[in-house]
Structure formats: structure tokens, C-alpha cells
Amino acid sequence: MALNLSNPARRRLRTLGFLSPWLVGFSVFFAYPLIATVYFSFMHYNQIKEPTFVGLRNWTYVFEQMPLFGPALRNTLWLVVIMVAVRVVFGLSLGLLITKIKTGAGFFRTAFYIPYLAPPVAATVAFVFLLNPGSGPVNEILGAVGISGPNWFNDPDTAKPSLVLLSLWGIGDLMVIFMAALLDVPKEQYEAAELDGAGAFAKFRYVTWPSITPIVMFAVVTGVVQTMQYYTQALVAGKVASGVNIGPGSVIQPGYPDHSTLTVPQLVYQMGFQNFNTGAACVLSLVLFAIAMAVTMLLMRKRSGLLSAED
Amino acid sequence: MTSTTLSAPASPSTPERTSPNRGPAAARARRKRILHWIAVHSVAIAVALLFVLPFVFVFLTSVMSDSQAMSGDLWPDSWHWSNYKAVFETPGFLDWWRNSLMYAGLGTLFTVCSAIPVAYALAKFRFRGRRTAMLLVISTMMLPPQVIVIPMYLVWAQQFHLSGTLWPLIIPMAFGDAYSIFLLRQFLLTIPKEYIESAKVDGCGEFRTMVKIVVPMAKPGIAAIALFQFFYCWNDYFGPQIYAAQNPGAWTLSYGLESFKSAHAVNWNMTMAATLLVMAPVIIVFFFAQKAFVEGVTLTGVKG
Numbered sequence: 003m004a005l006n007l008s009n010p011a012r013r014r015l016r017t018l019g020f021l022s023p024w025l026v027g028f029s030v031f032f033a034y035p036l037i038a039t040v041y042f043s044f045m046h047y048n049q050i051k052e053p054t055f056v057g058l059r060n061w062t063y064v065f066e067q068m069p070l071f072g073p074a075l076r077n078t079l080w081l082v083v084i085m086v087a088v089r090v091v092f093g094l095s096l097g098l099l100i101t102k103i104k105t106g107a108g109f110f111r112t113a114f115y116i117p118y119l120a121p122p123v124a125a126t127v128a129f130v131f132l133l134n135p136g137s138g139p140v141n142e143i144l145g146a147v148g149i150s151g152p153n154w155f156n157d158p159d160t161a162k163p164s165l166v167l168l169s170l171w172g173i174g175d176l177m178v179i180f181m182a183a184l185l186d187v188p189k190e191q192y193e194a195a196e197l198d199g200a201g202a203f204a205k206f207r208y209v210t211w212p213s214i215t216p217i218v219m220f221a222v223v224t225g226v227v228q229t230m231q232y233y234t235q236a237l238v239a240g241k242v243a244s245g246v247n248i249g250p251g252s253v254i255q256p257g258y259p260d261h262s263t264l265t266v267p268q269l270v271y272q273m274g275f276q277n278f279n280t281g282a283a284c285v286l287s288l289v290l291f292a293i294a295m296a297v298t299m300l301l302m303r304k305r306s307g308l309l310s311a312e313d
Numbered sequence: 396m397t398s399t400t401l402s403a404p405a406s407p408s409t410p411e412r413t414s415p416n417r418g419p420a421a422a423r424a425r426r427k428r429i430l431h432w433i434a435v436h437s438v439a440i441a442v443a444l445l446f447v448l449p450f451v452f453v454f455l456t457s458v459m460s461d462s463q464a465m466s467g468d469l470w471p472d473s474w475h476w477s478n479y480k481a482v483f484e485t486p487g488f489l490d491w492w493r494n495s496l497m498y499a500g501l502g503t504l505f506t507v508c509s510a511i512p513v514a515y516a517l518a519k520f521r522f523r524g525r526r527t528a529m530l531l532v533i534s535t536m537m538l539p540p541q542v543i544v545i546p547m548y549l550v551w552a553q554q555f556h557l558s559g560t561l562w563p564l565i566i567p568m569a570f571g572d573a574y575s576i577f578l579l580r581q582f583l584l585t586i587p588k589e590y591i592e593s594a595k596v597d598g599c600g601e602f603r604t605m606v607k608i609v610v611p612m613a614k615p616g617i618a619a620i621a622l623f624q625f626f627y628c629w630n631d632y633f634g635p636q637i638y639a640a641q642n643p644g645a646w647t648l649s650y651g652l653e654s655f656k657s658a659h660a661v662n663w664n665m666t667m668a669a670t671l672l673v674m675a676p677v678i679i680v681f682f683f684a685q686k687a688f689v690e691g692v693t694l695t696g697v698k699g
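Note that the protein sequences, when read in sequence, are chains P and D. Position 56 of the first sequence, counting from 1, maps to 58 under this note's numbering, and the rest follow consecutively. Position 161 of the second sequence, counting from 1, maps to 556 under this note's numbering, and the rest follow consecutively.
If we strip away everything but chain P, and leave its shape as in the complex, we get (with noise of 0.2 Å):
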């Protein structure tokens, strides 16, 4: 078969039909429900009867009068500095250490990176697990050195702490970049601040960080866009610890306890299939969305190693 490959049209519908599945996927799965998302937060909509138009109606409800919107977007909030900050500082200091291990490597790694893996609801309930007050394994040990134990997710002041930690269980992702990055770089330049007479802290402040400063923004761009959809971990953490017995509909008050663990995508879904306030919950969707844009372009604006990607 003679394949003209020079023939602009023909290459154009080429390049066409490898990217159809995607193109499909995008317009189906991604413009079209943000388009609708915009359009339904302009309704009022309870999934059964038609859809009407409500003006800036949700809006308003919203930002003015939804009790629980105030302490999940602060939560949320809590939790994207503290989290990803503590969680890029562990990272590197976690990479730093395993690039400095002769022997064994293969072990240290494999023992960092393997909590990572663990199905977030199954490492969270293990957690609750761990850290209960009353029976838990980890207030025992503290308890048999003299130290009493806080009530980690039982206590509104040590509940989103607690999820940090869950978090840095689970830093192997993190740790394996910032190896990766570590090691690529170039090795001259550590030799030759040593011949200038620099010490361990001026080698990492002047060869190490300018060298690795794309791969921290990078973590700390994915960290929060990962951050502002926290939802399974906080959820589950946060059900399982009220103790209480949650069959199917059966509602409980999410966020437990005191609506500390609440974060915004557990109310889009509260509103959404629960209360079925369609218009609601995409207000909420979208203010999101509006954050989770925001910060990504303010740190963007910054050379990160993600838009470097082009060629």
C-alpha cells in the first residue's frame, strides 16, 4: 500500500486518529462537566424535578449561609500548607538520607516506599487502629515510657495532625523523586566547593538546592492540587474513629470530631448525594477548582520542572 506520508491533509487526519481516543475522553469526560458544573451552580436543581434558574442564588448560599462551608475550606486550607510543607521537608530529608546509605540501600528503599502502596482506606484504618486512645498499640508504648498519649483522631486539636502523619507513612513517592533528583546532580560541583573550602551546609545551600528547586516546586504544585481534593483519608479517618455504625444511609455528621476533619470535597459530596443540592454542591466544586488553578498558576509563574516538559 502506497502511503503518501507528504500529503498534509492525510497527515493531519493521521495525527487525528491517534489522538482521537483522547480527544473524546477530553471533550466527554473533562469540557463538557465543567461546562455543565458552571451551568448547574446557576440552577436550582434537586435531581428530580427539572433544573431553574436561580441567578447567583447558590452563590450566595454558599459563601453567606452554608454552616459547614467555613470550617471545611479552612481545613482545607490547613491542610494544604502544613501538609505539603511538612511532607516536601520529610521528602527531601527522607531522599537525602537514602542517597547517603552504603549498605543496604535496596532494603531502606524498599522499606520507605512500601507504605506508599497501601490503599489509602486501608492504611487509614489502620491508623485509627494505631493511634486509639483507649486500646491502641502506639498510647500503650508511650504509656509504658510515662508518656499519656493524645487522642489523636478522637481530639479536634490532634485529628488533622494526625492525618500529616498518616501522610508521611506514606512519603515513598516523594523520596523516590527527590533521590532521583539528588543524584543527578552534577558531582564536579560538590567537588569543587570543596576545594573552596565549603562545609556540609554550604554544599547543600549552594550546589544542592539550586540544582533540585524544579523538583521541589514540582512536589509542592502536585502536593497541593493532590491536597485540595483530600477527601478519602479524611473521611474514612474520621468515620471509623466516631465508632459509630454506619450502614448504607445512614447519615452521620462527616468531619468528626467537631467537623475537624471535614474538607470542601467531602461536602460537594454531602451536598451532591445526600442532600441532592445539585447547585450546591458545584458552587463548591468550582471554588475548588478557582483555588486549586490559583496556586498552581502563582507557583507555575516560577520555573517548575512541569511545563520544562515541552521539548
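Simulated from the structure, these hints should not be mistaken for laboratory data.
When the alpha-carbon atoms are kept at most 27 Å apart in a straight line, the in silico DSS-like pairs for lysine-lysine are as follows:
(1) D:K686 to P:K189
(2) P:K104 to D:K427
(3) P:K189 to P:K205
(4) P:K205 to D:K427
(5) D:K686 to P:K104
(6) D:K427 to P:K102
(7) D:K607 to D:K519
(8) D:K686 to D:K607
(9) P:K189 to D:K427
From the derived model, a few chain P residues whose C-beta atoms are all more than 12 Å from chain D:
(10) T62
(11) W80
(12) D159
(13) Q255
(14) P259
Backbone N, C-alpha and C define an ideal beta-carbon position, used for all residues, glycine too.
With chain P fixed as given, assemble chain D onto it according to the hints.
What follows is chain D alone, placed relative to chain P:
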């Protein structure tokens, strides 16, 4: 060249010190090195212990008796392996396995089949709008799933009557997953043009070049996206909660586990046994496919 970025960290060698120096300075340097070695490894052992202990406690609790599991004891008095049997005999548990396997298996297959041509075109074709297309792929990666879930749910439930099944989660994967496309495209960029050009000189069309030349060379990249997608589906909670919640027959392991805990409100031993069973497949697969995994993670981060 398939990427070999990751062979380096496994065995960091220190090739200096070929000519042994004598004298007090050398001895001091040697002492310093040994102390450094001890310090680094002590910290590493301590941290590794913290990472491994949760698994150990979960396991030890999973073989305790009902009453001991609530007592705060760390070591089981007697080993109740029958807890595992009881978990498997819990109504629905085997269905959750089947559903998880179906979701993860078909989801992975669809993702791989749709990501390969798209990633190939984005990596190797020159066309107008290539940069824009890439930016759009990245922006879909950045979109929280909660932003689009409501209209999507309404379409699947009201037009296609597929709520209560996992199909609304599986079908979209046949139309490209942004993360997989991005990752595979980054991998394909490392395949030298010459291979593709010489295939064309031999008279291969674009499609045949992809199947015969690119796919075999991209095996590590394809393995990485397949694994990531498998685990994404296996671990997914939000998706099954949206579409399958009302039909326990369609629950997956990840979704079922939490309801399992509520049903066995006081039985931490059973819950921990079930928890380990949900984790087990992921960890077993990891041991067989470590390299592909680590490669995939690095590829998104560093080569990105």
C-alpha cells in the same frame, strides 16, 4: 535507549581511595568516614523501624482473639489464624475481590490501549497545536475529580442508567487517562528518532511502526503506567462510593473495607485481617515489579 536512571542508586559505589595514604591525616579521615557511616545507618534503621512497625502491629492484631484485640496488648497470646478464614466467609467479601479485579483489570487494559497512540503522537508527531494539546493534558491532570463528578454522575445515572455498577468508572478509561498519557509521552521522548525513521524507510506505516517498533521499546514505560493505573483503581474509594454505594454487589475491596469495619464495630482483629488482605495484592505485585514502579515515579518527577 531504555532509561537506566535507576540502576545507579541501588549500588552507590565509592571509587576513590585507590591509593592508600598513611599518616595521621588519613587515619583521621578514616575515623570520620566510619563515624559518618554509623550515624547515617543508625538514623536509617530508626526511621525504617517506624515505617515497618505499623505493618507489624496490624499483623499481630489480626491474629489475636476478639477480646485481646481490644485490650491494647502488643503480642498475641495465641495465634488465631481462623480470623482470616472468617474474613473470607463474611458475606460479600469475595464479591468485593471480584469487583476490584474487574475494575482494576479492565481499567488498566483500557488505559494502556488508549494511552499508547496518544502518547506516541504527542511525543513523535510534529503538528500545529502540539504544545496546546500537551498543556491541556497537564491541566486535566490538575483538575480535582470532585469538580466534574456531579454532571458526570447525572449523565451515567439518568441517561445510561449505569449507577450501581462500576462501568461509569471503567468506560472513560478507554478514552485516555491524562496521567498515563503524560508519563508515557515522557518515556517515548527518550526513544531516538532514528529507530522510527528507519522503520519508515523500510516501508512501515505510522501504525505499524508504533506496534512493531515503539511498543516493544517502550515496555518499561508501558509497564509503569499499567501498574500505576492498576493501583489507582485498586485503591480508589471516591469512584466506587459515587457509583456503586447503593449496590453492595458492586462494591470493591477499598470501598467495602470501611463498611466492613462499621459492621464489625468492635472486632479490630477481623478488621486488621481484612486490612492486610486489601493491602496484600499491592505489596505482592510491588515485589515483582519494583523497577517499573520506581522508574515511573522518577519519570513523572524528574524527567517531567
